[in-house]
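Engineer: As they're listed, the protein sequences go chains A, B, C and D. Counting from 1, position 149 in the first sequence corresponds to residue 149 in the numbering used here; the numbering is continuous, with no gaps. Counting from 1, position 9 in the second sequence corresponds to residue 9 in the numbering used here; the numbering is continuous, with no gaps. Counting from 1, position 85 in the third sequence corresponds to residue 85 in the numbering used here; the numbering is continuous, with no gaps. Counting from 1, position 41 in the fourth sequence corresponds to residue 41 in the numbering used here; the numbering is continuous, with no gaps.
Hints may be right or wrong, so weigh each one.
[Stated by the list, open to error] To list a few chain A residues with every Cβ distance to chain D over 12 angstroms, as calculated:
#1 His25
#2 Arg82
#3 Val85
#4 Lys177
#5 Leu198
#6 Pro278
#7 Asn293
#8 Thr307
#9 Leu318
[What the hints assert, rightly or not] Computed cross-link-like contacts, DSS-like style, restricted to lysine-lysine with a CA-CA straight-line distance of at most 25 angstroms:
#10 A:Lys178 <-> A:Lys147
#11 D:Lys256 <-> B:Lys256
#12 C:Lys166 <-> A:Lys256
Rather than coming from a laboratory, the hints here were simulated on the basis of the structure. Where a beta carbon is used, it is the ideal one built from N, C-alpha and C, also for glycine.
4 protein chains.
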Amino acid sequence: MKRVTILVAALLLLCASATAAEPRHDIHFPDIPGCHTLKCDFHTHTVFSDGNVWPTVRIDEAWREGLDAIALTDHIEYQPHREDVPTNHSRPCELAAGRARELGILLIRGAEITRDTPPGHHNAIFLDDIDRLAKEDFFAVFDTAQKQGAFVFWNHPGWQGLEAGKWGEAQQTLLDKKQLHGIEICNGDSYYEYAHQLALDKGLTLVGNSDIHDPSPELQPTPEHHRTLTLVFARERNLESLHDALRAGRTAVWQKNRLIGNENELSAMFSACVRVNPPHHRSGNRMWVAIDNRGELEIELERIDETVRPARFVLAPLATTLVRFEASPELRAQGLPYRTANFLTGPAKPLNVKLVIPGD
Amino acid sequence: MKRVTILVAALLLLCASATAAEPRHDIHFPDIPGCHTLKCDFHTHTVFSDGNVWPTVRIDEAWREGLDAIALTDHIEYQPHREDVPTNHSRPCELAAGRARELGILLIRGAEITRDTPPGHHNAIFLDDIDRLAKEDFFAVFDTAQKQGAFVFWNHPGWQGLEAGKWGEAQQTLLDKKQLHGIEICNGDSYYEYAHQLALDKGLTLVGNSDIHDPSPELQPTPEHHRTLTLVFARERNLESLHDALRAGRTAVWQKNRLIGNENELSAMFSACVRVNPPHHRSGNRMWVAIDNRGELEIELERIDETVRPARFVLAPLATTLVRFEASPELRAQGLPYRTANFLTGPAKPLNVKLVIPGD
Amino acid sequence: MKRVTILVAALLLLCASATAAEPRHDIHFPDIPGCHTLKCDFHTHTVFSDGNVWPTVRIDEAWREGLDAIALTDHIEYQPHREDVPTNHSRPCELAAGRARELGILLIRGAEITRDTPPGHHNAIFLDDIDRLAKEDFFAVFDTAQKQGAFVFWNHPGWQGLEAGKWGEAQQTLLDKKQLHGIEICNGDSYYEYAHQLALDKGLTLVGNSDIHDPSPELQPTPEHHRTLTLVFARERNLESLHDALRAGRTAVWQKNRLIGNENELSAMFSACVRVNPPHHRSGNRMWVAIDNRGELEIELERIDETVRPARFVLAPLATTLVRFEASPELRAQGLPYRTANFLTGPAKPLNVKLVIPGD
Amino acid sequence: MKRVTILVAALLLLCASATAAEPRHDIHFPDIPGCHTLKCDFHTHTVFSDGNVWPTVRIDEAWREGLDAIALTDHIEYQPHREDVPTNHSRPCELAAGRARELGILLIRGAEITRDTPPGHHNAIFLDDIDRLAKEDFFAVFDTAQKQGAFVFWNHPGWQGLEAGKWGEAQQTLLDKKQLHGIEICNGDSYYEYAHQLALDKGLTLVGNSDIHDPSPELQPTPEHHRTLTLVFARERNLESLHDALRAGRTAVWQKNRLIGNENELSAMFSACVRVNPPHHRSGNRMWVAIDNRGELEIELERIDETVRPARFVLAPLATTLVRFEASPELRAQGLPYRTANFLTGPAKPLNVKLVIPGD
């Protein structure tokens, strides 16, 4: 109808503001040697399953919050809004694609394969055709996902308690068939320590996501309160590289005030975040040293060697901290030995670092 | 299917947190003598027309942001999501009703009657049955709204420019038929000064709303950045009183750092917000006086009488400001004469106030 | 010299701004029945001992941060700035008095009696003449303070470690002579649990202070980060009533996210802060209840009775929280039994409360 | 006395925290080609004249707020605290030097030569011996400053009104004798537009300072509220280079939401702050372009050519903004012509820029 056409034109005009979106604020985790550090959320919902926002909102949020990539992963089997929004598995990505292109967000087609626990919920991402996964038979679903080249991870293993979330036959079968590639060790504010150990034991990629259903709050993130994300260390900033890095296990999970990952990537990230400057001043074995922290973590360092001072210090995020070190020339030559639980290489296993003071 | 039933149970369990919602933060505009000051938004959208959130989100936002009442007013004629969310005018309120009851939010069934400009868009609120308004004939729609006892206001008169937004035949006809009761002098960050004058000339109730389509940002509101609202001065905190107050024109619009309304209510609100305390100290005609501002406005006061000091001062919101007054005993006896553009009784017409210093 | 006189006039003119101070922000702890809740800091320093600000700055800070009373308590014996600021014990209060009068801050003349540990440091406040306390003999100093009617408390008993801070002969002697009346159980971010027990055992008034040396940061206070203060429950807002209340032990210490005090005052303060509203909605034994928290604490409540739900909930400060209770009619009739560690009546001893739901 | 020695030791121990200062937050103005961008305040006071803090506080503030250099410039002739802090012109820098060395702050010895207006106040910085400037004869003071190699600027020319602040005989004489090198076009929140023109006419270096007397508020700076500073574009980060750059006029003043300077440096700073990225998406003459703003300014751009879209847009500070451009291929080839009043090359004279879209 002509009237509606005019209406649409008028309403579009209303939206044609000079700038097409809210400002985007970087998440400050620098690149590491050889890799881009992509900030990703692989578990989000929209009104097409049990989420409460239109798919484009997830793209706007991703832009605003500094994400590089996002997967829309509506439940295949759980559709509480079906009466008002008839099931249509391909629509969330179709609707969001234009906005993602304009904003430069890498958009990943995904789905949540939803079963009672056990075996629980699993996300398949990088899918071609979600409709084909809408099957009764559990293992047939994963066969299909595999044919589409999907990356599959087990979601929130502990959300119904430790017993329910144990590694089960289903997971072992999927692993044996190379149909399970990752595990969500963090989901929102929950961290499943035993799932972290499982990941190490079974060789699964570490994943952490928001599992967001409501609109994302536009609050200024702090070290303790922010969206839980997966950092992916990818050769390039594109979907193919991202997928490759996931397969290769090059990830770290950012949850609360910590990064959880493998020693290699965490060491590289620590070095990329923390710059120790030449001392401002010295007096005997004492040195006044400014240390830059270019990352989002409030990093707490504890000495390993009892002869070093201070015993403990904290590096505020995105700031420079003055530390008054005291250490023997021998220790300074090797690097001052500290450990930091903000970088976790295994359950309760802090990263060890050596701080070299330049020009010493 | 049994499986889905169990799933639903499990997912509901997940949501059964100890506290059922985010904290609610008051909007600080005190009650005035004889009336509750209800904070209301009469113009909001959901996925059921061109909004981007599920209806319950509007209730959660209203709770969190300290609103008392909210109208869901999806477009009747403009349904860009129709392909995915088939038209169903009564659903937004049906879906939101339970959440509104739990959170104690007054929920109003409304609709936006959407035509090209002129005559433009109008909201009808307090409707019984929106389906009956889905008619081709413009005036027939308003006849129906009138039969349902709706309160009707003209939306954003200026959003397509001054010429397009002029008072037209349509509006005059509706007014003559007592089918037009209010006018949106503020819509989001826009204030239509000429519409304000129209309201005064035609005896229309002043209304200001967000016209929100996206999720509401959870940012800490400031005097300059907050949701545009209508304050309604109602005898009781219920829908009937609210409707009565709207009919009686007992409203004020809170937009940016100002309240726009009638002199009666604005004077009462100024007195409710601003408390002048007995002087801490005196010296001749000088007095050191602490003034409490219990409201959300950053109030700027300018002297009317040239002999008073200071010439100008500012009362920070929700804070106490120390002012060093200097005035003759005669003026102090009458009250110190100031004006404030933060309280607007007409276009460019600031409220005049007299500050009486107690115990003087 | 004339020139300087003119200069002074000109510079004073520069300062004669319309408003004579930064805005003051209330500390939200309501009055309790029969008493004003005065927010007090009894331990602060200026350039006249080892502090880094001019005495008037302490008054400006007190105003801005919502304090009612402040004591300037420069060290008598420790004067590291003496070379530049010759010792003059009476000057800090002389210099600050005018500003305190203008801003309505209750200013208390005090001093820190500074000895090695043991016996450590003690503050004497409400002094007439500090010079008379500048004596070599430890006990003679306290005799003089007593003659002047001072209120005396032991400062930061644990700042040099537990051993050094033990109750000693000196303290016992002072107590026996009625020359020791209070004890600083909190000093800045430190809480001395054993000193809290000492206070209960010896009948000493609980005191908590900032012991501030540098300028006070103008940051927005949060439940975890704020100036440590003593709340004094005084009949009137004047120095005499404040002194009486200190003698009578009617205080509570606000440090981090807790109030530490006697059960009487803490119960009254809990009731003044927490208002339980009539339920928005009921369904069987379930009730949706909005609870207002008008205080600065983020209050965590834990059930005492296993049959009540929720097991635990949190009331955000200066906000309203919706809680979904579930309890038998019998329990509801008695009040729902919870405990809260944010109100501490002894070391590790949380306050028990009963929540009565109105109109139930 | 032995006792005091021990006391001092104990109190010093108390201060020996692991980290020796608050975190430092960068001021984000990047370096420009060939120069470091040093953030400097050349006008501050301490208790040694009419300021309210101990000299070390100015160093702590400078560190915390991301400054590179600071001058202590107490009044020579105006000493309102003299009764308590006897005049000693060299002490502020002596007292602050150790802290400056530890924190790596460039500390400049300065003084404010204080006379009635006219001729008003002048700062001399980089002095060897302030005592020698304490003379009755106005011009003799500047002769002495010149002998010491000082950089001299006229302070806040307009603070006593336009008439009083006019360029006078005194200033002309000093200029002729090469004893006046700069002019404070901004002092705190004041900007003297005519002084800006004077600077251009007379070839004076642009200077802007805080003239701070009270403690610096520790608030998070915003584009509109921050400490007024001089950016100095120096070859190296040391006092000599800084002095050279001042002599050469390589400065810009950061006040409120603008940088005021010469076209050369402002152009370089604009380019250093604003990075235009390759378009995310194109459609005909439309391009969706992400623009990074790495600086502290909220930059507003207005088109010069009427055929470009948008007519106006805003780049949020330290964020990325998406802009939807529309321009002919010819214009795109030349760079899109915009102007920005946030970069001011003369009174009311905005900087013109050309935005080149890479890969276009």
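Engineer: Could you run down the list of hints and mark each one as holding or not?
Structural biologist: Now for the hints, and whether the structure bears them out:
1. His25: 5 angstroms, violated
2. Arg82: Correct as stated: the minimum Cβ-Cβ distance to chain D is 33 angstroms, above 12 angstroms.
3. Val85: 28 angstroms, holds
4. Lys177: Answer for Lys177 (chain A): holds, closest chain D Cβ roughly 39 angstroms.
5. Leu198: Holds: least Cβ distance 37 angstroms, greater than 12 angstroms.
6. Pro278: Answer for Pro278 (chain A): violated, closest chain D Cβ roughly 10 angstroms.
7. Asn293: The assertion about Asn293 (chain A) is violated, with a minimum of 8 angstroms to chain D.
8. Thr307: Holds: least Cβ distance 15 angstroms, greater than 12 angstroms.
9. Leu318: Non-interface label fails for Leu318 (chain A): nearest chain D Cβ at 7 angstroms, not farther than 12 angstroms.
10. A:Lys178 <-> A:Lys147: 11 angstroms, holds
11. D:Lys256 <-> B:Lys256: Within the cut-off at roughly 21 angstroms; holds.
12. C:Lys166 <-> A:Lys256: With a Cα-Cα distance of about 39 angstroms, the restraint between Lys166 (chain C) and Lys256 (chain A) is violated, given a limit of 25 angstroms.
Taken one by one, the earlier hints fail for this structure at numbers 1, 6, 7, 9, 12, listed in ascending order.
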